[in-house]
Amino acid sequence: MSMHELTLRQIASGLANKDFSATELTQSLLARIQAVDPQLNSFITVTEELALSQAKSADERRAAGENGALLGAPIAHKDLFCTRNVLTSCASKILSGFKAPYDATVVEKLAAAGTVTLGKLNMDEFAMGSANESSHFGPVKNPWDLTRVPGGSSGGSAAAVAARLIPAATGTDTGGSIRQPAALTNLTGLKPTYGRVSRWGMIAYASSLDQGGPLARNAEDCALLLQAMAGFDPKDSTSVDQPLDDYLAALSQPLAGLRIGLPREYFGAGLDARIGEKVLGVVEELKKLGATVKEISLPNMQHAIPAYYVIAPAEASSNLSRFDGVRFGYRCENPVNLEDLYKRSRGEGFGTEVKRRIMVGTYALSAGYYDAYYIKAQQIRRLIKNDFVAAFNEVDLIIGPTTPNLAWKIGEKNADPVSAYLEDIYTITANLAGIPGLSMPAGFVDGLPVGVQLLAPYFQEARLLNVAHQYQQVTEWHTQAPTGF
Amino acid sequence: MALERSDVEKIAHLARLGLTEAEVPQTTDTLNNILGLIDAMQAVDTTGIEPLAHPLEATQRLRADMVTETNQREAYQAIAPAVESGLYLVPKVIE
Chain C
15 MSMHELTLRQ IASGLANKDF SATELTQSLL ARIQAVDPQL NSFITVTEEL ALSQAKSADE
75 RRAAGENGAL LGAPIAHKDL FCTRNVLTSC ASKILSGFKA PYDATVVEKL AAAGTVTLGK
135 LNMDEFAMGS ANESSHFGPV KNPWDLTRVP GGSSGGSAAA VAARLIPAAT GTDTGGSIRQ
195 PAALTNLTGL KPTYGRVSRW GMIAYASSLD QGGPLARNAE DCALLLQAMA GFDPKDSTSV
255 DQPLDDYLAA LSQPLAGLRI GLPREYFGAG LDARIGEKVL GVVEELKKLG ATVKEISLPN
315 MQHAIPAYYV IAPAEASSNL SRFDGVRFGY RCENPVNLED LYKRSRGEGF GTEVKRRIMV
375 GTYALSAGYY DAYYIKAQQI RRLIKNDFVA AFNEVDLIIG PTTPNLAWKI GEKNADPVSA
435 YLEDIYTITA NLAGIPGLSM PAGFVDGLPV GVQLLAPYFQ EARLLNVAHQ YQQVTEWHTQ
495 APTGF
Chain D
44 MALERSDVEK IAHLARLGLT EAEVPQTTDT LNNILGLIDA MQAVDTTGIE PLAHPLEATQ
104 RLRADMVTET NQREAYQAIA PAVESGLYLV PKVIE
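Here the protein sequences line up with chains C and D, keeping their order. For the first sequence, the working numbering begins at 15 and goes up steadily by one. For the second sequence, the working numbering begins at 44 and goes up steadily by one.
Just so you know, the hints here were simulated from the structure itself, not pulled from any lab data. Hints should not be assumed to be uniformly reliable.
Simulated crosslink set (DSS-like; lysine-lysine; CA at most 30 angstroms straight-line) [as the list claims (entries may be wrong)]:
| # | chain 1 | residue 1 | chain 2 | residue 2 |
| --- | --- | --- | --- | --- |
| 1 | D | Lys-135 | C | Lys-427 |
| 2 | D | Lys-135 | D | Lys-53 |
| 3 | C | Lys-292 | C | Lys-427 |
| 4 | C | Lys-308 | C | Lys-292 |
| 5 | C | Lys-32 | C | Lys-70 |
| 6 | D | Lys-135 | C | Lys-107 |
| 7 | C | Lys-70 | C | Lys-123 |
| 8 | C | Lys-113 | C | Lys-70 |
| 9 | C | Lys-113 | D | Lys-135 |
| 10 | C | Lys-399 | D | Lys-53 |
One side of the interface only, derived from the structure: several residues of chain C facing chain D at Cβ under 7 angstroms [to be verified]:
| # | residue |
| --- | --- |
| 11 | Tyr-323 |
| 12 | Val-324 |
| 13 | Leu-355 |
| 14 | Ile-394 |
| 15 | Arg-396 |
Fair warning: this is a prediction, and the values are worked out from it, not measured in the lab. Glycine included, every Cβ here is placed at the ideal spot set by N, Cα and C.
Using the sequences and the hints, build the whole thing.
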């Protein structure tokens with residue numbers, strides 16, 4: 015098996031057995047990124063020097079007797095995690111030349127665990143999108159079909175891991191931005207409970223929804239990464255001070271007696287029936303492992319998209335006011351006065367989709383509209399949360415499709431942004447409620463990957479990883495690689 | 044109620060976003076499509092439902108009133124578009 019095909023867990027064994035060094039592995043993957051990534055455009059920045067120095071240090075730590083599971087493990091970060099002295103662009107022109115003066119907590123924690131950072135990954139600009147087409151650095155291609163989107167907004171993370179350029183990556187999920195690209199590229203991706211992973215140094219889109227998490231090729235690798243990423247951080251005022259579970263230990267729990275709920279709203283009109291069949295196939299497999307299944311209802315699901323497209327843009331319009339051409343990033347040429355400086359720096363620096371959402375948010379928060387839009391959306395948000403609370407009184411886990419459709423053609427949904435918004439129908443509710451969600455491979459339709467989504471009560475990431483891992487012990491979908499990669 | 048060109052220009056001004064002449068008509072159409080999607084909310088009965096601002100209903104944590112950060116002005120200003128003598132430069136505000 016070539017080095018680039020190894021999972022994080024296999025890399026840990028290889029390094030521990032001295033089959034190869036972290037430096038050899040890093041050099042090999044850097045060469046592969048250089049050779050292969052021009053087809054995909056998944057990296058914005060390759061941090062060769064940083065990677066080689068981190069690899070050297072990992073080899074030294076190992077020689078001195080350390081043996082951490084991530085010591086020497088190569089990864090890359092979505093380009094909205096601040097990385098000290100490295101371009102952190104959010105895939106936006108407005109952050110041109112922005113070399114972050116500090117590391118995000120996630121970056122710092124993973125580096126302390128010994129990971130080697132190979133670079134910064136492409137994404138939708140400011141994480142706004144479901145196709146990775148809104149990046150200032152150009153669209154990312156899906157390695158399963160280079161004419162199709164990889165999903166978004168963590169599309170670079172997904173494409174790079176799916177194409178075996180890196181074994182795992184960080185991502186963020188505000189409305190499905192980890193789970194949806196994982197589904198469209200045959201990966202396992204986890205959005206933790208709101209507050210489980212620190213948002214400090216993670217450039218904000220919608221602060222009450224944003225959450226960082228891992229994308230990898232299986233649940234076990236996601237568990238390894240989450241263990242290092244998660245935890246209380248006093249620097250993030252919404253970080254939750256609650257002990258972490260042992261995610262790796264939880265993987266081996268048997269599933270006997272697991273109560274699964276199938277929400278009828280997730281299998282209605284709008285779902286590609288072939289995806290629905292794959293999801294039911296996963297459910298059958300879990301039944302063989304001892305799970306019981308019942309139909310449930312999440313009656314307010316249909317209201318999630320309208321509520322999301324008020325709350326997220328409203329918070330974005332506030333968060334993105336800091337990009338003003340004064341303290342960092344892009345500034346327009348020859349501003350005539352301060353207002354001109356603000357307007358042209360922002361008008362020229364932000365892309366179309368970002369401007370759209372800032373304007374929707376500005377409108378929703380403006381005098382006279384606040385109650386009709388923002389308060390109304392927050393009331394719907396509570397109804398959605400209440401649906402989950404009620405459902406989790408009856409079942410331990412909810413299962414449904416991650417996406418209503420397969421990966422679409424690049425450019426196909428550009429003319430009508432609202433049609434792309436509807437692709438997030440199954441993922442957005444978890445962000446509004448704040449519960450954890452995971453997408454894992456469930457098979458293929460027309461040669462394209464299908465994802466199944468698992469949702470669990472607050473702070474039960476261990477349960478999600480456990481169920482996904484048990485499923486992956488008896489199936490092979492997650493081991494399939496795209497042809498040519 | 045559909046937004047008109049003048050509404051869009053006002054929103055862009057509030058958001059301090061410079062739109063080019065060419066961007067205004069398309070932006071107006073797209074914003075109206077998005078608001079059409081959002082307006083589906085109005086059909087939902089939310090009488091007596093308390094708005095949810097934070098999924099876990101957490102309130103802001105307080106910390107001790109102590110200095111924890113050191114001055115890093117030079118590092119922060121090294122990435123600014125224009126600085127002089129430790130100050131950020133912008134076009135003249137007061138004539």
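>> Need the list of violated hint numbers for this structure, in ascending order.
In response: Hints 1, 10 are the ones this structure does not satisfy, whereas the remaining hints hold.
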